[in-house]
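Those protein sequence lines, which keep their order, are chains A and B. Residue numbers are given in this note's numbering: position 10 of the first sequence equals residue 10, and the series is strictly consecutive. Residue numbers are given in this note's numbering: position 157 of the second sequence equals residue 157, and the series is strictly consecutive.
The set of hints was computed from the structure by calculation and includes no laboratory data. Think of the CB as a built atom: it goes at the ideal place given N, C-alpha and C, for glycine as much as any other residue. Mixed in with the good hints there might be a few duds.
A few chain A residues that face chain B, going by a derived Cβ cut-off under 7 angstroms, partial list only [stated by the list, open to error]:
#1 E43
#2 G68
#3 P69
#4 R71
#5 T74
#6 I134
#7 L138
#8 G140
#9 Q144
#10 V148
#11 Y149
#12 R151
#13 P152
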Amino acid sequence: METVEDLVLGHPFFRDIDPEAGRVVAGCARNTVFRSGELVFREGDSADWFYCIRSGRLALELHAPHGGPIRIDTRGPGEVAGWSWIVPPYRWYCDARAVEEVHALQFDGACLRRKMEDDASLGYLLYKRFVPVILRTLQGTRMQLLDVYARPGR
Amino acid sequence: MPGPAADVRAVAGADPWSPSPARVRERRRETGDTVTLALEPADPAQTRFAPGQFTMLSLSGVGEVPISVSGDPDEALLVQTIRAVGCVTSRLAALKPGEALGVRGPFGTGWPLESAAGRDLLLVAGGLGLAPLRPVLYHALARRERFGALALCYGTRSPDDRLFRGELEAWARRADLHLAVTVDHAGPDWEGEVGVVTRLLARTPCRPERTVALVCGPEIMMRFTARELEHLGVAPGRIHLSMERNMQCGIGLCGHCQWGPFLLCRDGPVFPWERIRAAFGVRGL
Ligand SMILES: Cc1cc2nc3c(=O)[nH]c(=O)nc-3n(C[C@H](O)[C@H](O)[C@H](O)COP(=O)(O)OP(=O)(O)OC[C@H]3O[C@@H](n4cnc5c(N)ncnc54)[C@H](O)[C@@H]3O)c2cc1C
Chain A
1 METVEDLVLG HPFFRDIDPE AGRVVAGCAR NTVFRSGELV FREGDSADWF YCIRSGRLAL
61 ELHAPHGGPI RIDTRGPGEV AGWSWIVPPY RWYCDARAVE EVHALQFDGA CLRRKMEDDA
121 SLGYLLYKRF VPVILRTLQG TRMQLLDVYA RPGR
Chain B
1 MPGPAADVRA VAGADPWSPS PARVRERRRE TGDTVTLALE PADPAQTRFA PGQFTMLSLS
61 GVGEVPISVS GDPDEALLVQ TIRAVGCVTS RLAALKPGEA LGVRGPFGTG WPLESAAGRD
121 LLLVAGGLGL APLRPVLYHA LARRERFGAL ALCYGTRSPD DRLFRGELEA WARRADLHLA
181 VTVDHAGPDW EGEVGVVTRL LARTPCRPER TVALVCGPEI MMRFTARELE HLGVAPGRIH
241 LSMERNMQCG IGLCGHCQWG PFLLCRDGPV FPWERIRAAF GVRGL
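In isolation and in its complexed conformation, chain B is listed as follows (with noise of 0.2 angstroms):
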């Protein structure tokens, strides 16, 4: 059976297991505890990715985690959002331009934007989930005629936690774009949507037969995600999740992230939710 890996186009560099060395170009704070970084890796076939993909970034005698890749598939540096949430990433979120860090990589399987081509295009993101998403939206809106509808539903914790306010803002005036944004808590300073992401699904110009969705973020809000476009229409087949539970060598060779049948860094991140429906199904998995 081809796997969704048919879509991708870029692939690790030549030695999969030697981090190569890169040099922080700019750093932008996105949140209280979230940072993007521009990277100039010395090797630049590591700037070329598919949408989807992650890195391993890593910080000698401190560790590696996988980052995905947040920026413009057509730009030639490798721009990576990090969440501070532990030693490894708050190191990294603390790297200032100038500084230097290894990436091995890119590696994982891409959203399916080959097979998404003259269908309407519905993203859903979940908090950082937003993160590998944003290159889709570059992607697709360097090529809107190639998509019939496009939309994105984004749902974050509060106003505070939106990623990249100022795209958001600039998305928000687009035409050719549907953009919900929703937050689960508010003050009365905040006009826009209170509530769960799953609430906007069914007020998107996507017609649900016609429809590509691609999920990101907490496990729980894909499931739930997932279930709701189902009962809205869409194809399970072309429901695709992206699974980012922790993983370690980043090329199915370690076995520190099977899930059930799969490695996840090899056969994914990203999945059809027609096949991992079943896994999602088993508790404690």
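Bound-form chain A, shown alone (with noise of 0.2 angstroms):
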């Protein structure tokens, strides 16, 4: 059976990462489960994990005053949710849903930002990854401001 230290060495969001730095974020690391329609985190929580995706759907959610939710984007297998951990004040900005079962690996933010502040190094690695993510969910976002599908001249 694979540990969860294999897991987290196979995802893609962990490609290539050197074993010693990955074992160490595996130790923040367990699997999870969530049922399809559950809610993963919810907005203004405390934003204490992010996840890494093995198999299923999450979206993630904004709610607007008048009407239901507006699912503004959804990440799949080999794709990471959630970066909220690792900029205080900690906080989730949207919800996120499970919209079919997802079978993720879940890191503890806290157990992780306690070893990025004693090991510099393994900070800047884990930064690495993340702000290519979030650099693409942001030039994403604005693809979708700029609503290229809209009827022309609308």
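Assemble the dimeric complex from its two separately framed chains, guided by the hints.
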């Protein structure tokens, strides 16, 4: 059976990570499952976790004052969900919900933050993994804002 | 240099200037503003096309517009998908079975399907860009053994804006096709992906070094898709884009669709990224 450490080292988000650093990171990880429809985290709550998705899909949702939630993004297998754990004040800026059963690696943010404070090179390594994800999401969001598929002249 | 036209097997009829009569045989509503018409041209030669080609559809006293062929190249009707955005397309989209219109073409370079044989085939569609890629899918699914992995990544505005919904569902059930659909905006009922189409590219079974990628959609979407494909390792000469800027004569004579050194109707609409990448970088072109 694969250990949590194997799963961390095998997840695309940690591809080619130095195995020693991978072991340290895996020390803050555990396996988790969310049922379809289950709330994974809620806007405003303390952001103590992030998730590396192994299977299934999570939707990120924002609630508008009138009307139901708006799905702003989804995260699927091989992707990472949640970076509020790495940026003060460590609070979720949106909800996340499992749209189908999700199997994920759950990382304890407080545990990782402590390890990153103690070992700046581990912090640098993790920032190097998260910053591209944040940048790509920002770029994607800008494209969504452009509404490129809208009817011309609308 | 042999152009992509080497793959094209159909050419325009005898007089490319004169529209030939055709009748609407069937009309299917796809979305709030888009319909698919199955046309029966008086000249059956006009139903023969290479995937990626377009025709000039006209209504007398109204005008004429280029529209891609979206049907099955192995079928005897000319199937075209029209989004009502202005005067001519609104009138075309309102045509009913039995009504008449004019057709010139098919014109233009097709997708390079012969040179894609034996390789992985990755189709990337944005919005209405799925229309000129659907014939490729029909072609490839009917000759599945000729290709390696086959994938369609489709991004559109919202779940309601998805074209060819019945077929998308059928394609999703096929084991020999990787289908990924994403939308920019969705409510809580949508269980699929939300986000830009480029996010789907790394997750297909296509191996970059063996992949031929065919891309159609708004220019900005194509630009970012081509860059992402290059980043993933697809050779720029094997990324092909359909440039659907407006055109008038359709046969490279009027100059209306000049884009840098190219006349899009004559040299395109399908181009290898390698050939047009520089023009894409020119602001305001
Ligand atoms: C090779 C090619 C293939 C095409 N295939 C299809 C197709 O399969 N289905 C389809 O519905 N349309 C397709 N188009 C676009 C279609 O030709 C235009 O929407 C049409 O010419 C608009 O004419 P109109 O009189 O209805 O609107 P207009 O009044 O001329 O324009 C209405 C609005 O649409 C914008 N517009 C016009 N043409 C384009 C264009 N080419 N790209 C982006 N915006 C445009 C105008 O700027 C304006 O804002 C294709 C265009 C080309 C060049």
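**Item:** Numbers of unmet hints, in rising order
**Value:** 1, 6 and 7
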